[in-house]
Amino acid sequence: MLRASLTSFAKGARTALAAFALLGLAAVLVPSDVRAQSINPTASAVTEEQLLQALQPGGEIAGRVSIPDQKATGLIKPGGQDWRAFHQGTMLWITAIALLGMLAIVVAFYAVRGKITIDSGMSGLKILRFNSFERFVHWLTAGSFLILALTGLNLVLGRYVLIPLFGPEAFAAATQWGKYAHNYLAWPFMAGLVFMLAVWIKDNIPDRTDVAWLKAGGGLLKKGVHPDAKKFNAGQKGIFWSVILGGAALSVTGVLLLFPYLAGGYADWQLVQIIHGIVAAVLVAIMVGHIYIGSVGMQGAFDAMGSGEVDFNWAKEHHSLWAEEARRKQGGASAGTPGARPAPQPAE
Amino acid sequence: MARMKFLCDADRCIECNACVTACKNEHEVPWGINRRRVVTINDGTPGERSISMACMHCTDAPCAAVCPVDCFYTTVDAVVLHSKDLCIGCGYCFYACPFGAPQYPRVGNFGSRGKMDKCTYCAGGPEADVTMAEYEKYGANRLAEGKLPICAEMCSTKALLAGDGEIIAEIYRERVVTRGYGSGAWGWQTAYKETVAI
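Here the protein sequences line up with chains P and E, keeping their order. The first sequence begins at 8 in this note's numbering and counts up one residue at a time. The second sequence begins at 1393 in this note's numbering and counts up one residue at a time.
One thing to keep in mind: the hints can contain errors.
Cross-link-like lysine to aspartate or glutamate pairs, in silico, EDC-like; alpha carbons within 20 Å at most [claimed, not checked]:
(1) P/K237 with P/E316
(2) P/K78 with E/E1407
(3) E/K1416 with P/D76
(4) P/K186 with E/D1469
The set of hints was computed from the structure by calculation and includes no laboratory data.
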């Protein structure tokens, strides 16, 4: 019994020994690099290099965080540097060129053409061009736009122009107020856009008179040239549609910037900010031209948005078709009775 | 002067989040703000790696470039700091930062983000060093006391390294050579335009 069990033990031990020997042999025979790989804990690990290479534009390397703030899951988003490059390069130049370029054009225009006067002189007869609601809508939009434009330009250019003048503390305090003004005056501006669209769209549909007006250069370049125009000429229609479409683009992007989590992720915010900045720069340039021609650039033009009543001769020269119609509608007064002031009535 | 940097050795980080907690405690960081966080990539798979991330104190920092009130400055130790007195909370630095470092005390509708807060490399702010005014706005100024950032100092696996860039790069390089692998100096290419050559 004992012998039998000893024999079986010896047998088992021999088998086991043989097995160990085989294993050892196998281990020696297996090339060392294969062995190293089998214990390499990083074989299937992510590397930053791979992830950065696989990244799409606007993408981010993200994972999981155990803190409750799920917005913290992004690890690296190199797109931030592209936005920085755009914002400090292209955006800065577009803004500076749009603003200074348009100012230069306006000054040059004034130097060459001078103030556009009423060729036939003031008639003394006034006709109503914009009623009080139209003027309210204009100034609501214009006033808020002016503040929005100045505070917006301040964000892009102020650092370079105003900090050297006023110092960092005063500039930061003013810019803080500018930010609040920008955020809150956006709403009256948007309301103004809606009213403006409702009040003036019917007079701003492009038609045949616009083609002739544009062919004649609007009569802007030569004294005594006055192409026909209705209530709004082609240039004013251009202003109207720039304000409506540009304003709409600014409104949509602006609201998304105010409520960032409506816009999506950080790449969307960057895109939205870029659109907002470019459209704003272009609209500022257009408005510089508009403000010029509506004030110092043309005799009698400011009255339209000031008192609302324009000189009849001004109206005849710049809005011939509308002037006739308006005089008929407003009735009574005729060009032959200087000094007569028709009772203010709605223009339409 | 040293060029201070962070380096997180992802092959050592065990996602314990002690750096996150230590940071919050050291600086009394308000609820909702995390100057440092641990992100796990490919979580749950055999190749997962965790990286502790905060402001990397970039060379030519994007935040400083885009700030409309120019509130950022770089210290002699190359630490990127900012002035909360000047900050207007516009959020531009957040758009530009590749690491999601800028934090805002309020969740941002109507520009009501509040003053930006971020990792200071435990180096305080523009106020006089180690004063109450500095502590209230920016937290502790360990660097002024001759100490390194608390997150790296207490990291149990020494995954998170802080200190002079050359020195911590050498430590990392030595580790990678010794153990034979490394998933990279996370963020270095983006922040410093260089990586640790092995």
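Hints versus structure:
1. P/K237 with P/E316: Holds - the C-alpha atoms of P/E316 and P/K237 are around 16 Å apart, at most 20 Å.
2. P/K78 with E/E1407: 18 Å, holds
3. E/K1416 with P/D76: At roughly 14 Å apart (the allowed maximum being 20 Å), P/D76 and E/K1416 satisfy the hint.
4. P/K186 with E/D1469: With Cα atoms ~33 Å apart, P/K186 and E/D1469 exceed 20 Å; violated.
In the structure shown, a violation is registered for the earlier hint numbered 4 alone.
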